[in-house]
Amino acid sequence: MLLFLFLSPSDPGSVDLEKVSNVIVDQSLKDQIFSREAGRICFTIVQAEAKQTNGNVFRRNLLNRLQQEFKAREETRKRSTHEWVCLVSFICNIFDYLKVNNMPMMALVHPVYDCLFRLAQSDALKNEEEVDCLVLQLHGIGDQLEKMNLQLMDELFNLLRDGFLLQEDLSSMGRLLLLEILEFRAGGWTLSETAQKYYYSEVTD
Amino acid sequence: TMSAHQKYRYENDCKPDENRNKGASRWSQCRKRGADGSLRTSHAVEEPGKCSQSSRRPESFTTPESEGPVSRVKNWGDEVEAEEVRSNVQRDAHRYRRRILEADFPQRDRKISSGSSDSRDSRDSKESPAKGDIESDEATLIRRQKQINYGKNTLAYDRYIKEIPKHLRQPGVHPKTPNKFKKYSRRSWDQQIKLWRVKLHAWDPPAEEGNDVQQIEEIDLGEIMDFELDVECSGDTESPCPISSGASLALAEVIFTICYPIPSKISSNSISQYFHFFLFLMIDFCGGNFPCYVLGYTHFVYTAFDNF
Chain A
1 MLLFLFLSPS DPGSVDLEKV SNVIVDQSLK DQIFSREAGR ICFTIVQAEA
51 KQTNGNVFRR NLLNRLQQEF KAREETRKRS THEWVCLVSF ICNIFDYLKV
101 NNMPMMALVH PVYDCLFRLA QSDALKNEEE VDCLVLQLHG IGDQLEKMNL
151 QLMDELFNLL RDGFLLQEDL SSMGRLLLLE ILEFRAGGWT LSETAQKYYY
201 SEVTD
Chain B
1 TMSAHQKYRY ENDCKPDENR NKGASRWSQC RKRGADGSLR TSHAVEEPGK
51 CSQSSRRPES FTTPESEGPV SRVKNWGDEV EAEEVRSNVQ RDAHRYRRRI
101 LEADFPQRDR KISSGSSDSR DSRDSKESPA KGDIESDEAT LIRRQKQINY
151 GKNTLAYDRY IKEIPKHLRQ PGVHPKTPNK FKKYSRRSWD QQIKLWRVKL
201 HAWDPPAEEG NDVQQIEEID LGEIMDFELD VECSGDTESP CPISSGASLA
251 LAEVIFTICY PIPSKISSNS ISQYFHFFLF LMIDFCGGNF PCYVLGYTHF
301 VYTAFDNF
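These protein sequence lines map, in sequence, to chains A and B.
Per the UniProt record's numbering, the very first residue in the first sequence carries number 1; after that it's consecutive.
Per the UniProt record's numbering, the very first residue in the second sequence carries number 1; after that it's consecutive.
Simulated from the structure, these hints should not be mistaken for lab results.
In this text, all values refer to a predicted model and were calculated from it rather than measured experimentally.
Errors might be hidden in some of the hints.
Calculated pairs, BS3-like style, for lysine-lysine (alpha carbon to alpha carbon, straight line, at most 27 Å) [claimed, not checked]:
id, chain 1, residue 1, chain 2, residue 2
1, B, 183, A, 51
2, A, 147, B, 74
3, B, 166, A, 51
4, B, 176, B, 152
5, A, 51, A, 99
6, A, 19, A, 99
7, B, 74, A, 99
8, B, 194, A, 78
9, B, 152, A, 99
10, B, 166, B, 152
11, A, 71, B, 183
12, B, 162, A, 51
13, B, 182, B, 146
14, A, 19, B, 182
15, B, 146, B, 176
16, B, 152, B, 194
17, A, 71, B, 74
18, A, 19, B, 74
19, B, 166, B, 182
20, A, 99, B, 194
21, B, 176, A, 19
22, B, 152, A, 51
Here are some chain A residues the structure puts well away from chain B; computed CB gaps all over 12 Å [to be verified]:
id, residue
23, 54
24, 96
25, 108
26, 116
27, 142
28, 155
29, 173
30, 179
31, 180
32, 185
33, 188
34, 189
35, 193
36, 201
All C-beta atoms, glycine included, are put in the ideal place defined by N, C-alpha and C.
The shape of chain B in the complex, shown without the other chains:
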């Protein structure tokens, strides 16, 4: 990982592979500041055991590890997203290999695992690739997965999968997600993606523009809203929890208790001291499968939860 050090923004002079068991002095050698927080200078008279090197001091105590080249300034949001894509791809690859094995050694009554629906055609004997023909380069798989994600993150795709369940999809007629695990040239793959997305446009919502890459940043409460506002929470009310019908009440209770277990030690006297967040799960009255979320900020009123 030494090359990652050079590229990473915080460079650390410590070499963790060397003798690590010297205790405080090991770390002191790499510290930018003395114990009182003041910056060390390279010529300062120092206490025994502390650093006397004049090389660059790190801002961080730790040596960052990296899986590959990193840009100079990273933000955690992007890093974690990249981790997630990578981890999803690895999981998909694992499942796909297992599916290939199952196709080679079909067993009766074996339950079909739900997983990446991108790669279901392994069971089709005509298309089933030999084990050696699986695309396994991680960077390629990640790039392809991102392209797939763009296509799936559209209203058109949403409407398509709702309208045409998997067992009704006909090859050639309905758009099919390209299989990222098959070996294709770059050009062939990009072309397949393009064609796939073009086909998906047939499910674009009517009379709307710019649906291609859609980022939903806000969760739509829709018809719930009026109801919500009526029952908003304030510190003085006794029942701050806006829960509606029976089914959504049960679900909200569950979410609430997962989210916020009622601390048994809080007495009703200290309630007014506490501000807490809690989360409401509301089921869309129309859709039934379209949960919306509202975050309420309120005084924590203990007695109200007797109603749950």
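Chain A on its own, in the form it takes in the complex:
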């Protein structure tokens, strides 16, 4: 039934890619699970469009829409933490999947870092939801981001380390998440076996 949403009114045999990109963005901002899958879907559509029509209408619309949402991120964060973390999750997912000739999109590097830096501010670190989002993204794309800009990653982790050590209003889970990501990066974006056991095995006693 909702297939009709995407059909162009002038030519019902066609699919309106601009509208598709908008719907994908809208859904990603509401649904956190979807925001983590959307990258893969978008990638498939981008490939498909390039192959069929040699165009990139979908990608261009997607990115510009994403840019709008990114610009409004502070208001979004004020209005709804959930939407804000969905936005971050989505941008990072797009960064992960939408590569240009197998290289990450340079245009997104600073915006992604901006989001992560925002999550590393003290007002965000005290929210477990935001810390969770932060570490999730770093697990997923931290190594790629570091390759694109090492000094920014260093600065980000300085903030995280300071937050962990100095900030008093972190939740204990928040603190644990930060400790894990600090170790994760220190280990070269992977967790040693000992660390794995420490963080992820069940406590029996």
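Place chain B on chain A using the hints.
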């Protein structure tokens, strides 16, 4: 990259080359807002370690890097497109240099790599340029590539390459894409492009106007459409997936599972809670090599996928 700072819209007072290891205070110095989100004023009494400078505050935490002059207001769509053209040009240049080397040192039984077909004439000994004669200025290459892209993004070009496969093309008779890696003057190059595009017009589709620069914004389902509408998805049906013949079913399955791996943890009870997108790949029944796409929006019905 300091000059890029001045041109870029967000200007950042932070100088990342200076001592970066001061922790939070380093970044605090450049922050426009305090931790509670309120704007800092230059004279506000601040906590130790926080910023007391009155220079302009950035909107972003990061210093943007740029490869060259940037316009004041950039949109990501354009930026990424420019990245892509640049990256394609670099890749083509790499392949072209390798091809030149192969031409200099021909080896038997070496497989010809598919790549930019714009520059295949390196193997022609009469035209093969010496290594020093390759056009390597990136801005020039990008400009030329864009001109080539305009020409290739036409119906005429599409029809031409379908009608005349590469091995049947005769020099002089059939239009040949100018080789962007050869040294030409600006005027000579522009002229070659013009002539090339004029020749391509011979393959314009009949009785249609304005085909020169064609932007296809919508993907045409053509004959598929009626079939699609019959089997659209709704939350209450058990089989939401409109797949047609055997071959396209297989392909669609592949695309679907790439696109959307079925989460193993979802129980059938929670299905109605989920809305998901999935992508269908339909093969044009006539063309056989003209995939069309339909995006369906539906309730995710787990049982339906047992049919895959």
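Hint by hint, here is what the structure shows:
no.	hint	in the structure
1	B/183 <-> A/51	31 Å, violated
2	A/147 <-> B/74	24 Å, holds
3	B/166 <-> A/51	19 Å, holds
4	B/176 <-> B/152	11 Å, holds
5	A/51 <-> A/99	15 Å, holds
6	A/19 <-> A/99	22 Å, holds
7	B/74 <-> A/99	19 Å, holds
8	B/194 <-> A/78	55 Å, violated
9	B/152 <-> A/99	23 Å, holds
10	B/166 <-> B/152	15 Å, holds
11	A/71 <-> B/183	43 Å, violated
12	B/162 <-> A/51	15 Å, holds
13	B/182 <-> B/146	16 Å, holds
14	A/19 <-> B/182	42 Å, violated
15	B/146 <-> B/176	16 Å, holds
16	B/152 <-> B/194	13 Å, holds
17	A/71 <-> B/74	12 Å, holds
18	A/19 <-> B/74	22 Å, holds
19	B/166 <-> B/182	21 Å, holds
20	A/99 <-> B/194	33 Å, violated
21	B/176 <-> A/19	38 Å, violated
22	B/152 <-> A/51	13 Å, holds
23	54	6 Å, violated
24	96	15 Å, holds
25	108	7 Å, violated
26	116	9 Å, violated
27	142	15 Å, holds
28	155	6 Å, violated
29	173	21 Å, holds
30	179	17 Å, holds
31	180	20 Å, holds
32	185	16 Å, holds
33	188	20 Å, holds
34	189	20 Å, holds
35	193	26 Å, holds
36	201	20 Å, holds
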